[in-house]
Amino acid sequence: MLQEPATRYQGHKSYSYLEPHLDYRDFDLASEVGRVPEHDLGLSDAQRQRVTRLLAEHIAISLHEHPVVLPADVRQLRAYNRTARQRTGYEGLARSGLTAVFDNFMAGASCVTSESGWKWNDLIYALGMRMSDLYKQDHVRLATSVEDIRAARRDGRLALVAGLECCSPIENELDRIDILYGFGVRQLGIAYSQANMLGGGLSEPRDGGLTHFGRRAVDRMNKLGIAIDISHSGDQTCLDVIEASRVPVFITHAGARSVWDTARMKPDDVIRACAERGGVIGIEAAPHTTLSERHPEHSIESVMDHFTYCVDLVGIDHVTFGPDTMFGDHVGVHNTYAGNYAHDSGKKPSHPRVEYVSGLENPGEAFGNIVGWLVKHDYSDDEIAKVIGGNTLRVLEQVW
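Per our numbering, residue 145 is the first one in the sequence shown, and the count goes up by one each step.
Hints may be right or wrong, so weigh each one.
[To be verified] Each computed DMTMM-like pair below joins lysine to aspartate or glutamate, with the alpha-carbon atoms no more than 20 Å apart:
#1 LYS280 to ASP299
#2 LYS367 to ASP319
#3 LYS492 to GLU437
#4 LYS157 to ASP217
#5 LYS367 to ASP322
#6 LYS157 to ASP282
#7 LYS280 to GLU235
#8 LYS520 to ASP217
#9 LYS492 to GLU441
#10 LYS520 to ASP405
#11 LYS263 to ASP282
#12 LYS492 to ASP405
The hints are simulated quantities; they were obtained by calculation from the structure and are not laboratory data.
Modelling step: build the complete structure from the supplied sequences, incorporating the hints.
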């Protein structure tokens, strides 16, 4: 459910201050609005008005997104990423109703100097290029504090929190965490599915837990004020990070393994441990992840099966949403970079394949539809305010 365009948005397109073909390679891009049919939640006019009011009155934070615009032809994705100039989806974000978005860039697919991803130089390319464009417009602003998020809501802007899903690019250089903090990064993942110097990834058959270097890294993130994400870490590494951190940690984008039995989902003991230390789990919606036996064809209904399960498990104060979407063919991204992401490993239950997740296809529509689903299922205003941003803000106030 798209919202009316934000008044601050004046039509900026990424790198429009440069000359295409001369200053950078141009690509035909996916549509940010209307690429797929609107998902019909069956809301009444009064319910739609309530959705709009809730998004206007409360801080809404997407805990995990990749709000970049992909090439219309996903076969051009590798060539597009090699230029380092991934485009931010300003038009779509202006219709999202969000106050803030955790932007996790595309480090695993930012293959500028290497086809394998997760390289320090490639990360700096991706971060620097996106930031250079961010500073050329007045709607989306980099946020490095809770006050920046509150100011964005007050001023009609959208706060972008820079995050990275994985610490692999820091290698064994602890001070690179400080460098990333200096560049504005305020959230870091421990490992992205594959093990690294910090700990185990969820695709590995055995997880040795948080390493000695990993404990030093967690300590450094705590000292700096960087939020820690364990979404792609192995189960033991998750538990070790939760225990080692002096502040709550995030599972920014995952679901419940009790609902859908894959390594990508989190077991009950990890979700409980995260909540018991004050943390929050964000329910994700990347294609073919948060499925359920009730809804094996991936849609918003499957995703909300994970939401309701986690609320029953740990309480509504410890659940939010990190849809993990982008503007363009997300399934095509997974197919292109399956090896980089370790999506080609592990056994998975059989299920229907989808071209996109209906209702949660992109960052522009996701939170409108999430709030719409919650309204339709009679959640109170206070409950909705918590799960669309209040819970995340509470953790950030402790971490940052």
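Okay, the hints, checked on the actual structure:
Of the pairs offered as hints, the one joining LYS280 and ASP299 holds, with about 18 Å between alpha carbons and a cut-off of 20 Å not exceeded. The straight-line distance between the Cα atoms of LYS367 and ASP319 is roughly 12 Å, inside the 20 Å bound, and the hint therefore holds. Pair hint LYS492 plus GLU437 holds up; C-alpha atoms about 13 Å apart against a cutoff of 20 Å. For a cut-off of 20 Å, the pair hint linking LYS157 to ASP217 stands: about 19 Å separates their Cα positions.
The suggested pairing of LYS367 with ASP322 holds, with an alpha-carbon distance near 10 Å, which does not exceed 20 Å. For a cut-off of 20 Å, the pair hint linking LYS157 to ASP282 stands: about 12 Å separates their Cα positions. Restraint check for LYS280 and GLU235: satisfied, since their Cα atoms lie roughly 15 Å apart, inside the 20 Å limit. Using a Cα cut-off of 20 Å, the hinted pair LYS520 and ASP217 is violated, with the two alpha carbons roughly 36 Å apart.
Under the criterion of a C-alpha separation no larger than 20 Å, the hint pairing LYS492 with GLU441 is consistent with the structure, at around 14 Å. Between LYS520 and ASP405 the CA atoms are separated by roughly 28 Å; this puts the pair beyond 20 Å, and the hint is violated. At most 20 Å may separate the alpha-carbon atoms for a hinted pair to count; LYS263 and ASP282 exceed this at roughly 31 Å. Proposed proximity of LYS492 and ASP405 is supported: the alpha carbons are some 8 Å apart, at most 20 Å.
Checked against the numbered hints given earlier, this structure breaks hints 8, 10, 11; the rest are met.
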